[in-house]
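A.B. asks: Residue strings, one per chain:
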Amino acid sequence: MSSRWKAFVLAGLLVTSGAGAYTLEEFTFEDPAQGTAFRALIEELRCLVCQNESLAASQADLAQDLRKEVYRMFREGKSRDQIVQFLVDRYGDFVLYDPPFKPSTYLLWLGPFVLVGIGAFLLVRTLLVKRQSPSQELSDEERRRLQELLGSEANRDQSDRDSAK
Amino acid sequence: MSKFLKALVPLVLFLGLAALLFYGLGTDPRKVPSPLVGKPAPEFSLPALLDPNRTVSSADLAGKVTLLNVWFSSCVSCRAEHRELMRIAREDGVQIVGLNWKDDKGAAIQMLRQFGNPYSLIAVDEAGRVGIDWGVYGAPETFVVDPEGIIRYKQIGPIDQEVWEQTLRPLVEKIKAEGRA
Chain A
62 MSSRWKAFVL AGLLVTSGAG AYTLEEFTFE DPAQGTAFRA LIEELRCLVC QNESLAASQA
122 DLAQDLRKEV YRMFREGKSR DQIVQFLVDR YGDFVLYDPP FKPSTYLLWL GPFVLVGIGA
182 FLLVRTLLVK RQSPSQELSD EERRRLQELL GSEANRDQSD RDSAK
Chain B
360 MSKFLKALVP LVLFLGLAAL LFYGLGTDPR KVPSPLVGKP APEFSLPALL DPNRTVSSAD
420 LAGKVTLLNV WFSSCVSCRA EHRELMRIAR EDGVQIVGLN WKDDKGAAIQ MLRQFGNPYS
480 LIAVDEAGRV GIDWGVYGAP ETFVVDPEGI IRYKQIGPID QEVWEQTLRP LVEKIKAEGR
540 A
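Residue numbers (the numbering used here), protein chains in the order written: chain A, 62 to 226; chain B, 360 to 540.
Treat each hint with caution, since some may be false.
To be verified - Quick list of in silico lysine-lysine cross-link-like pairs, DSBU-like style, CA-CA up to 35 Å:
#1 K464/B / K390/B
#2 K191/A / K365/B
#3 K398/B / K464/B
#4 K423/B / K362/B
#5 K533/B / K461/B
#6 K139/A / K365/B
#7 K390/B / K365/B
#8 K362/B / K533/B
#9 K423/B / K398/B
#10 K139/A / K129/A
#11 K163/A / K464/B
#12 K533/B / K129/A
#13 K163/A / K362/B
#14 K365/B / K464/B
#15 K464/B / K362/B
#16 K163/A / K139/A
#17 K139/A / K191/A
#18 K464/B / K191/A
#19 K129/A / K398/B
#20 K464/B / K535/B
#21 K464/B / K139/A
#22 K398/B / K139/A
#23 K423/B / K365/B
#24 K533/B / K139/A
#25 K163/A / K398/B
#26 K365/B / K461/B
#27 K398/B / K535/B
#28 K365/B / K533/B
#29 K535/B / K129/A
#30 K535/B / K461/B
#31 K535/B / K390/B
#32 K464/B / K423/B
#33 K129/A / K365/B
FYI, nobody ran anything at the bench for these hints, they're computed from the structure.
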């Protein structure tokens with residue numbers, strides 16, 4: 062088989078394998094606003110199988126079942142909150158990309174602010190301590206030691222140069 | 360605060376973070392805790408796999424410690440735990456009810472013929488509707504339901520001997536002891 066034929070066959074396989082994918086086209090609404098609300102809702106729900114995908118994007122079988130379920134409830138005129146509650150009752154807060162504020166999620170919601178608070182406290186304290194630090198004036202004793210050290214340094218430099226000659 | 364204690368702060372912070380991350384390494388993000396634990400098992404009524412005239416319902420779970428095992432025939436992990444289920448089925452005082460989830464009936468029966476049937480009853484959930492009510496998101500999953508019909512535990516992933524001996528059996532024994540008390 063020539064390579065051109067192989068390319069044709071492979072391209073054909075690509076086309077047919079894509080045909081089994083789930084799309085949102087089957088979920089139709091008479092009222093376009095409802096369709097928008099439906100899409101917005103399933104974007105906010107998390108698929109349990111491929112955990113970093115929304116219910117809208119996931120190709121998992123279960124995601125399709127749940128989309129159908131959400132669609133059915135939408136058609137029955139259930140409110141957004143009722144549908145979300147239905148899923149949370151069964152799968153837990155995990156299905157929400159926007160978890161609720163409650164005791165088990167306090168750390169999640171407040172943790173970053175607590176860390177920023179601790180950081181700000183340490184920063185302010187360090188700055189204040191620096192400002193209050195004693196004057197930089199040297200005492201007579203320190204001045205004498207400084208001279209001594211500088212003197213010995215200068216002597217050593219001198220000796221280095223001597224030896225390099 | 361003495362200088363020595365101050366110097367220990369970064370070390371303590373590091374050890375805390377290391378412990379947290381080490382704990383995170385050991386937990387499986389695929390295991391999502393079920394909100395149904397501690398609540399009554401969701402009602403259902405489904406046709407039985409092996410007896411077309413019978414239905415399997417929540418009433419069949421009452422009065423016994425039940426393992427409700429969610430499986431389908433082409434699920435590799437379900438096949439892996441099958442042998443362990445067969446062994447558990449021979450033990451006293453616990454019944455295993457199967458929820459045949461989104462499966463082909465013929466393939467399911469074929470698998471039981473080949474490997475044996477550990478279930479006292481099998482409910483057929485072809486559309487996966489009951490699965491949604493139970494919060495099932497993959498197979499195998501196993502719910503421990505007590506005689507009052509309360510879900511006590513959800514095992515996500517296959518049951519092997521370790522899971523049975525260390526987690527499920529102690530729980531089953533505990534539930535049985537509660538019943539006698």
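A.B. asks: CA of K163/A to CA of K464/B, is that 35 Å or under?
C.D. replies: Since the Cα atoms of K163/A and K464/B sit roughly 44 Å apart, the hinted pair is violated (cutoff 35 Å).
A.B. asks: Does K163/A pair with K139/A here, judged by a C-alpha cut-off of 35 Å?
C.D. replies: Holds - the C-alpha atoms of K139/A and K163/A are around 25 Å apart, at most 35 Å.
A.B. asks: Next pair to validate is K535/B with K390/B; report whether the Cα-Cα distance is within 35 Å.
C.D. replies: Roughly 27 Å separates the two Cα atoms, so the pair holds.
A.B. asks: Decide if the proposed pair is consistent with the structure: K163/A and K362/B, CA atoms, cutoff 35 Å inclusive.
C.D. replies: violated, 40 Å
A.B. asks: Just to be careful, I want the Cα atoms of K464/B and K535/B compared with a cutoff of 35 Å; is the pair within it?
C.D. replies: holds, 34 Å
A.B. asks: Quickly compare the C-alpha distance for K129/A and K365/B to 35 Å and report which way the hint goes.
C.D. replies: With Cα atoms ~59 Å apart, K129/A and K365/B exceed 35 Å; violated.
A.B. asks: Holds or violated: K535/B with K129/A, Cα cutoff 35 Å?
C.D. replies: Judged against 35 Å, a Cα distance of about 40 Å means the pair is violated.
A.B. asks: Please work out if K139/A and K365/B have their alpha carbons no farther apart than 35 Å.
C.D. replies: violated, 58 Å
A.B. asks: CA of K423/B to CA of K362/B, is that 35 Å or under?
C.D. replies: violated, 63 Å
A.B. asks: CA of K365/B to CA of K533/B, is that 35 Å or under?
C.D. replies: This hinted pair is violated, its Cα atoms lying about 49 Å apart.
A.B. asks: Hint check: K464/B vs K191/A, CA-CA at most 35 Å. Holds or violated?
C.D. replies: Measuring from Cα to Cα gives roughly 77 Å; hence the hint is violated.
A.B. asks: Under the criterion that the straight-line Cα-Cα distance not exceed 35 Å, is the pair K464/B, K362/B satisfied?
C.D. replies: Cα-Cα ~73 Å, so violated.
The structure fails hints 4, 6, 7, 8, 11, 12, 13, 14, 15, 17, 18, 23, 24, 26, 28, 29 and 33 (numbered hints given earlier, in ascending order).
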